[in-house]
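Colleague: Residues per chain are reported as follows:
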Amino acid sequence: MISSSSNISPHSKRDDLLSGSVRFLALTAGGLLLLVIAFLFYESWPALHHIGLTRFFSDPDWYPTDNSYRLTSMVWGTIFASTGAVLLASPLAILSALFCHFYAPPLLSRWFRRMVELLAGIPSVVFGFWGLVVLVPMIGHWHPPGPSLLAGILILAFMIMPTIMLVAHTSIAHVPLAYIHSASALGFSRWSMMWHVILPTTKVGIFTGILLGLARALGETMAVLMVCGNVVQTPSRLFDPIRTLTANIALEMGYALGDHRAALFMSGLFLMGLVVLFVSMAEGLRHRNTYVATK
Amino acid sequence: MSRQSNHVQEYCLTVIIWTAATMVSIPFIWLMGDLLWNGWSHLSFNFVFSAPLNAGREGGIGPILISTLLLVGVCMGVAVPMGMGTALFLSEYTRHDHVLGRLIRGSLDVLAGVPSIVFGLFGNALFCQVLGFGFSILSGGLTLACMVLPILIRTVEESFRVISREQRLSAAALGLSKSTTIRTILLPAAIPGLLVGGILGLGRAIAETAALIFTSGYVDRMPESLMDSGRSLAVHIYDLSMNVAGGNPHAYATALVLVSLLFMINLSSSWIASRWTLSNQLPT
Numbered sequence: 000m001i002s003s004s005s006n007i008s009p010h011s012k013r014d015d016l017l018s019g020s021v022r023f024l025a026l027t028a029g030g031l032l033l034l035v036i037a038f039l040f041y042e043s044w045p046a047l048h049h050i051g052l053t054r055f056f057s058d059p060d061w062y063p064t065d066n067s068y069r070l071t072s073m074v075w076g077t078i079f080a081s082t083g084a085v086l087l088a089s090p091l092a093i094l095s096a097l098f099c100h101f102y103a104p105p106l107l108s109r110w111f112r113r114m115v116e117l118l119a120g121i122p123s124v125v126f127g128f129w130g131l132v133v134l135v136p137m138i139g140h141w142h143p144p145g146p147s148l149l150a151g152i153l154i155l156a157f158m159i160m161p162t163i164m165l166v167a168h169t170s171i172a173h174v175p176l177a178y179i180h181s182a183s184a185l186g187f188s189r190w191s192m193m194w195h196v197i198l199p200t201t202k203v204g205i206f207t208g209i210l211l212g213l214a215r216a217l218g219e220t221m222a223v224l225m226v227c228g229n230v231v232q233t234p235s236r237l238f239d240p241i242r243t244l245t246a247n248i249a250l251e252m253g254y255a256l257g258d259h260r261a262a263l264f265m266s267g268l269f270l271m272g273l274v275v276l277f278v279s280m281a282e283g284l285r286h287r288n289t290y291v292a293t294k
Numbered sequence: 000m001s002r003q004s005n006h007v008q009e010y011c012l013t014v015i016i017w018t019a020a021t022m023v024s025i026p027f028i029w030l031m032g033d034l035l036w037n038g039w040s041h042l043s044f045n046f047v048f049s050a051p052l053n054a055g056r057e058g059g060i061g062p063i064l065i066s067t068l069l070l071v072g073v074c075m076g077v078a079v080p081m082g083m084g085t086a087l088f089l090s091e092y093t094r095h096d097h098v099l100g101r102l103i104r105g106s107l108d109v110l111a112g113v114p115s116i117v118f119g120l121f122g123n124a125l126f127c128q129v130l131g132f133g134f135s136i137l138s139g140g141l142t143l144a145c146m147v148l149p150i151l152i153r154t155v156e157e158s159f160r161v162i163s164r165e166q167r168l169s170a171a172a173l174g175l176s177k178s179t180t181i182r183t184i185l186l187p188a189a190i191p192g193l194l195v196g197g198i199l200g201l202g203r204a205i206a207e208t209a210a211l212i213f214t215s216g217y218v219d220r221m222p223e224s225l226m227d228s229g230r231s232l233a234v235h236i237y238d239l240s241m242n243v244a245g246g247n248p249h250a251y252a253t254a255l256v257l258v259s260l261l262f263m264i265n266l267s268s269s270w271i272a273s274r275w276t277l278s279n280q281l282p283t
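Protein chains in written order, with numbering that gives the first Met the number 0: chain H, 0 to 294; chain W, 0 to 283.
All clues stand as given, with none of them false.
Coverage of chain W stretches by chain H, computed from C-beta distances (three or more under 8 Å per stretch; other residues unrestricted):
(1) 8-17
(2) 28-41
(3) 107-114
(4) 119-128
(5) 174-188
(6) 207-220
(7) 239-248
In silico SDA-like links for lysine to any residue, alpha-carbon gap of 20 Å or less:
(8) Lys-12(H) with Leu-24(H)
(9) Lys-12(H) with Thr-183(W)
(10) Lys-12(H) with Ile-181(W)
The hints are simulated quantities; they were obtained by calculation from the structure and are not laboratory data. For every residue, glycine included, the Cβ atom is placed at its ideal position computed from N, Cα and C.
Isolated chain H, as found in the complex:
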């Protein structure tokens, strides 16, 4: 921004108009988040008012038409599926980021990265469709019924892997070359260089990537809706079908009325709270990280 306290450049009506409209647009865009939160609160108010927070965890089961609103098993479904996916995807993503930087020949590395970028752009409904027609029958063959927590974890892991890998890749690329050269000059093997130099300097960046991946997994709807079977139950095994909070919203929003609808908005609000928490943690870390990197 270039400005001075006493502006001597010609001041025209057009300038005022432009600055006014730009300010208006910016305030609208900035206020959008508040608007979203306000609407979620407004719509879920009947649920908070009539049902109360505790009944979402103490009611016998999720039968919204019979005035029974237990969300616990869906909360577990969401937690199991997304943490499973993060646990599976993170090591793979970190190893493939290392692969890109230190193992693959340049051409292969470029192609590998390009492939992961394309993978990141594939819509979730296509992942879900592929899971439904390829993965679920395979799991069903091995261990019926097929649509299961396991299928959800696999598809989610596959979807968030690119997010984590691309963030890790970028933060490895930002490791100062001097560190790597010093490590080589000290006679470090490739393994000790990665373990003692690269990973410690990039751990914040990698953790940011994992948080973003977790946020994406928690909020993912279509893929889990298509492969998880959507039975409301707390899973006890990997092969049990589950229903996540997001899938619940997508399934029932079409016909929900009154308190039922408000309960769905409540679970949306809850999800949003979780995701906002993780994203702001990741953003905070990212800012700290750039500070360290530029110092």
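Put chain W on the given structure of chain H with help from the hints.
Modeller: For chain W alone, coordinates are given in the frame of chain H:
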């Protein structure tokens, strides 16, 4: 002795890392191969341009393509001017560390992480009910616009920010007014960034499903106006595979169309970015 064990360690790690890379590539190749193998045989001129029959088991995806275009058109028509204005405000009208700018930027960062299903809930409450647009392409497009706004603003702002300070100072020294500076110097210099931002947003909008199911609806007829309900390509895939028995062949073909569209979008944005050597300055 230790040298020996070092070698073993090194060798094992190499094997592990190559295995991990292979494990990442296999599903990707499998997915793409599967889509091509099963989708290609159903793809034809007729499929792309004719109307779906028998709930989509026969016929094509013509009206669905039109609905998708309209949805994306509404979305970009709202998001692009708003995104440009906000980005201009953030980069040209506030200092980088100004409180208001930081608040807006922070709220957009959070908005970027909000799950699409939550945008769907919000769109349903605001556009369909309060504003009374019902299940319509207008509601869906506006919901999509809210979704793509953060990524659009961030990219465009970055492309304004990388324009050198000298250009602004020279313009001020020549006595150009702010609006003339923006129109004749900043906007032309930022065009590649604007294009990349627009294309990224476009890709996001086309890929979206969850936010559209209960804002723009399921209807697969040819839309007659923006107030009609319309089904996007992504929703069509969902509906064919989950709700229509025997819909899989056409779901494959639709998925192939959708993924090819997205790849073209993705390639053109990275082509523009690399051509103007902006790629290292733009957020990925």
